Amino acid sequence: MHGARHLTVGHLMMLLADSANLLPARLQMAFTLGFHIIFACIGMGLPILIVLAEWLSLRNGDPVWRTLAKRWSKGFAVLFAVGAVSGTVLSFELGLLWPEFMGKFGPVVGLPFTLEGFAFFTEGIFVGIYLYGWNRLAPFHHWLCGLPIALAGTMSAWFVVTTNSFMNCPQGFQLDADGKLLDVQPWTAMLNPATGAQTTHMIVAAYMVTGFLVASFYAWEILRGRNGLYQRRALTLGVLLGGFFALVQGPVGHWAGHVVAVTQPIKLAAMEGQWETETYAPLRIGGIPDPETKTTPYAIEIPGMLSVLAYDNPAAEVQGLNAFPEDLHPPTPIVHVAFQIMVGIGTLLIFIGLWSGYLLKWGKSAWHERRWWLLTLLASGPLTVLAMEAGWTVTEVGRQPWIVQGFLRTKDAVTQAPGVWFIFAVTMSIYLVLTVGCISVLRILAKQPMPEDADVA
Amino acid sequence: MSPELIVGIVLGAATTLYLLFGGADFGAGIWEINTAFQSNEKERKLLYHAIGPVWEANHIWLIFVLVVLFAAFPLAFQALCSAFIIPAFLVLVGIVFRGAGYVFRAYSIDSGRQQQFWRTLFAGASAAAPFFLGAIAGTLASGDSKINAAGVYEGNYLTDWITPMALFTAFFTVGLCCYLAAVFLTREAEHSGEVELTLVWRQRALATGIWMGVLAAVGLVFVSLEAPELAHGFATRAWPLVALSAICGTGSLLLLLWRKYTPAAACTMLAAANIIWGWGIAQYPVIAPPFLTLADSKAPDSVLWAMIGAVAAGAVILGPSLALLFYLFKLTPSDSADY
Ligand code: HDD
Ligand code: HEM
Ligand code: HEM
Numbered sequence: 001m002h003g004a005r006h007l008t009v010g011h012l013m014m015l016l017a018d019s020a021n022l023l024p025a026r027l028q029m030a031f032t033l034g035f036h037i038i039f040a041c042i043g044m045g046l047p048i049l050i051v052l053a054e055w056l057s058l059r060n061g062d063p064v065w066r067t068l069a070k071r072w073s074k075g076f077a078v079l080f081a082v083g084a085v086s087g088t089v090l091s092f093e094l095g096l097l098w099p100e101f102m103g104k105f106g107p108v109v110g111l112p113f114t115l116e117g118f119a120f121f122t123e124g125i126f127v128g129i130y131l132y133g134w135n136r137l138a139p140f141h142h143w144l145c146g147l148p149i150a151l152a153g154t155m156s157a158w159f160v161v162t163t164n165s166f167m168n169c170p171q172g173f174q175l176d177a178d179g180k181l182l183d184v185q186p187w188t189a190m191l192n193p194a195t196g197a198q199t200t201h202m203i204v205a206a207y208m209v210t211g212f213l214v215a216s217f218y219a220w221e222i223l224r225g226r227n228g229l230y231q232r233r234a235l236t237l238g239v240l241l242g243g244f245f246a247l248v249q250g251p252v253g254h255w256a257g258h259v260v261a262v263t264q265p266i267k268l269a270a271m272e273g274q275w276e277t278e279t280y281a282p283l284r285i286g287g288i289p290d291p292e293t294k295t296t297p298y299a300i301e302i303p304g305m306l307s308v309l310a311y312d313n314p315a316a317e318v319q320g321l322n323a324f325p326e327d328l329h330p331p332t333p334i335v336h337v338a339f340q341i342m343v344g345i346g347t348l349l350i351f352i353g354l355w356s357g358y359l360l361k362w363g364k365s366a367w368h369e370r371r372w373w374l375l376t377l378l379a380s381g382p383l384t385v386l387a388m389e390a391g392w393t394v395t396e397v398g399r400q401p402w403i404v405q406g407f408l409r410t411k412d413a414v415t416q417a418p419g420v421w422f423i424f425a426v427t428m429s430i431y432l433v434l435t436v437g438c439i440s441v442l443r444i445l446a447k448q449p450m451p452e453d454a455d456v457a
Numbered sequence: 001m002s003p004e005l006i007v008g009i010v011l012g013a014a015t016t017l018y019l020l021f022g023g024a025d026f027g028a029g030i031w032e033i034n035t036a037f038q039s040n041e042k043e044r045k046l047l048y049h050a051i052g053p054v055w056e057a058n059h060i061w062l063i064f065v066l067v068v069l070f071a072a073f074p075l076a077f078q079a080l081c082s083a084f085i086i087p088a089f090l091v092l093v094g095i096v097f098r099g100a101g102y103v104f105r106a107y108s109i110d111s112g113r114q115q116q117f118w119r120t121l122f123a124g125a126s127a128a129a130p131f132f133l134g135a136i137a138g139t140l141a142s143g144d145s146k147i148n149a150a151g152v153y154e155g156n157y158l159t160d161w162i163t164p165m166a167l168f169t170a171f172f173t174v175g176l177c178c179y180l181a182a183v184f185l186t187r188e189a190e191h192s193g194e195v196e197l198t199l200v201w202r203q204r205a206l207a208t209g210i211w212m213g214v215l216a217a218v219g220l221v222f223v224s225l226e227a228p229e230l231a232h233g234f235a236t237r238a239w240p241l242v243a244l245s246a247i248c249g250t251g252s253l254l255l256l257l258w259r260k261y262t263p264a265a266a267c268t269m270l271a272a273a274n275i276i277w278g279w280g281i282a283q284y285p286v287i288a289p290p291f292l293t294l295a296d297s298k299a300p301d302s303v304l305w306a307m308i309g310a311v312a313a314g315a316v317i318l319g320p321s322l323a324l325l326f327y328l329f330k331l332t333p334s335d336s337a338d339y
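Respectively, the protein sequence lines represent chains A and B.
Residue numbers for the first sequence follow this note's numbering, beginning at 1 and rising by one.
Residue numbers for the second sequence follow this note's numbering, beginning at 1 and rising by one.
No wet-lab data here; the hints were simulated from the structure.
Treat the hints with care, as some may be off.
Within a straight-line C-alpha distance of at most 25 Å, the following computed PhoX-like cross-link-like pairs (lysine-lysine) qualify [stated by the list, open to error]:
1) B:Lys146 x B:Lys330
2) B:Lys146 x B:Lys260
3) A:Lys70 x B:Lys45
4) A:Lys74 x B:Lys330
5) B:Lys260 x A:Lys70
6) A:Lys447 x A:Lys74
7) B:Lys260 x A:Lys74
8) A:Lys180 x B:Lys146
9) B:Lys146 x A:Lys447
10) B:Lys42 x B:Lys260
11) B:Lys260 x B:Lys45
Computed from a predicted structure; not experimentally measured.
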């Protein structure tokens, strides 16, 4: 635990010494992004489930599927609005908290943000049509209007994550002697070597988050004895979405790791707690890196595995943190622990997906007798969210001290305006109201009585 | 045409659309303060019915303006963000609670107290957002924003944005939103066959409209006293637009009197749009007054051209989608069983 203690005190002191604004600005950015991303994930995944349910109802005229689609779309309306307002906060914040970043690199990342704007538009327009159009459009046309929502949600995530991949792996511009931008190629910046893996990984994560959260919610309902056809179908759809993408996420995560190894060796070393440069580098499971002694004690080491995972070759050399100057080390314990959490949960979710698939296809027992399975599913939703947040912690904290890798330090990007702590405090209270409101309204929606024909036990 | 001018026109167009549609949504929220006291269910239903399907889309014009501004004119964006950190944050708070308040109210059905709370929040926030946006616009227009020619802000964050011109513009913007909303709602009430409501909203629209006419006249005096640069631009370059705005404003009142609600709505929109374009043309080529111009603060041309391409391609999707949305909910008569 020594490493962690060193980190919290030492790192905080460093932060405070850098600039009075740096700490509150980072806390605010991290918190608001971490909040928005949950709603963004649901905004990508839930339309897929809704469209699926409505399609099933159109195909076989079954009112339960229609009830599902209708009730989910109301929940979606609430979650989407919270996603939209929290996203608006982010658009303002980029300028308000990081004016240097936006002033300097705004032109480079402007293209994906502009394109994202169109994705938002498409999404917002069709959300309006879909939610209020149940009685205005023919059923099939109404279903068609659901498709652009699902597509545009995923596109917006793709565009915004290209911005982040640019921050990790900047290219497509030159700087002159005064640090002014020359020769910007926005498309090259957008399609950098980190883009493919990062965007794919994020989108798959979003589908997993939605799938397992839905499964989690209906597992809770069934455990409480609401074991109707409605709940069982809802749970099945959720588990299928989450479980399928959990299987996909394994290889995609490996791809993301490989890209980090090639483009951001310091981040990889921090993720793995790798201090020395070595061939046949071991994969460490657990352990807490200690920046004092430059070791990672308490880890289970599997020799050669890290070299294999990063470069597909056990003899490959992996650079350690010691190969880089110390002021370029990210807060290693946080990065390593967060990475362990993500990968650990990811592996667990693969097993949950396989188990669920087996039970749904070949399981003989009645639903309410599958208690352990339901309890596992109940945990799976929050765990998936945790994995996703841990993944962002790896990406963002692992890039420190840079905001744009190699070009702009975080401490040089922060605003000089006073009162950032005050803004942070106000922001926290706003988000408290949002969270309480969102949960209480969703509860009201969940408690609304089912229509007669929905077969609710 | 230089790429920065094209992007500048795109920005102006998006700002106008945000004022017209986003502004009307804010206005409807502000009127809710009024209906909250009179608690007339029918009235409220019309109001929520009018904004429900479109507010998400209308809101995104603002996001679009922000994004294009920082991508195309990063120096101006950086300067504006530094200068207006406080009012911009207050705008943000307003926008967050407007959006959240609206959906939370709409979906907390059958729960009186909670619904009342969200309704109040929605109404208050709807007034706050245009108020502070107006304050920012006013400070900018008066040329008092203390942003130097290099795009560095050298004023006092806390108090600089509270000027007489800023306060005036803040109230003017709130009033404009109310007027837009009242005229649109009159039209929609007539459209859904609500005779009584049509008359109520017509009366409100007329009353607000007369007030806005007075305020606009006062505004011109204000501009000539507080914002000499802008007044000069108005007098030399932008006067046709100012005149057009005045004519359309008066026309909208007359059309309301004659109960021609759709043309009245069109006139109101033209009057409001010409305020933005008049202002833009009067201060062209400055983007962050008093000194910073479009050309000084622009991104490299390669970026601007890429953005213009993106906007053109995006418009191909956006145009028809928006047309469908407005056709479905604004041009076809509504029935109350939409939810
Ligand atoms: C459901 C969530 C989830 C799950 C189960 C996983 N990940 Fe992940 N991971 C994310 C959600 C996520 C994320 C939040 O979506 C991140 C943050 C940035 C990004 O694009 O994806 C991420 C980032 C991220 C990065 C950093 C990328 C960068 O900094 O450029 C790596 C190396 C991995 N992941 C690797 C893995 C591996 C090997 C996994 C094993 C199965 C794994 N992830 C499971
Ligand atoms: C395109 C997307 C993103 C952009 C442009 C972005 C931008 C930034 C910026 C400007 C900072 C401040 C620098 C710093 O303190 O490290 C930051 C920090 C951070 N962001 Fe991101 N970010 C993105 C995605 C995300 C997401 C979705 C999360 C979700 C949790 C996230 C989590 C964090 C965290 C945890 C920090 C704080 C790091 C630290 O304190 O060391 N980021 N990000
Ligand atoms: C990498 C992390 C991010 C992902 C995956 C993501 C994805 C999404 C998605 C899918 C939506 C649709 C709304 C919903 O369904 O709830 C959304 C909304 C939004 N996001 Fe994010 N976002 C991320 C980070 C950001 C950042 C850094 C910004 C700031 C520039 C931002 C700004 C917005 C805005 C303004 C909206 C609202 C648009 C609307 O009204 O529909 N997002 N985001």
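Okay, the hints, checked on the actual structure:
no. : hint                : result
1   : B:Lys146 x B:Lys330 : 43 Å, violated
2   : B:Lys146 x B:Lys260 : 46 Å, violated
3   : A:Lys70 x B:Lys45   : 21 Å, holds
4   : A:Lys74 x B:Lys330  : 22 Å, holds
5   : B:Lys260 x A:Lys70  : 39 Å, violated
6   : A:Lys447 x A:Lys74  : 13 Å, holds
7   : B:Lys260 x A:Lys74  : 37 Å, violated
8   : A:Lys180 x B:Lys146 : 23 Å, holds
9   : B:Lys146 x A:Lys447 : 55 Å, violated
10  : B:Lys42 x B:Lys260  : 23 Å, holds
11  : B:Lys260 x B:Lys45  : 23 Å, holds
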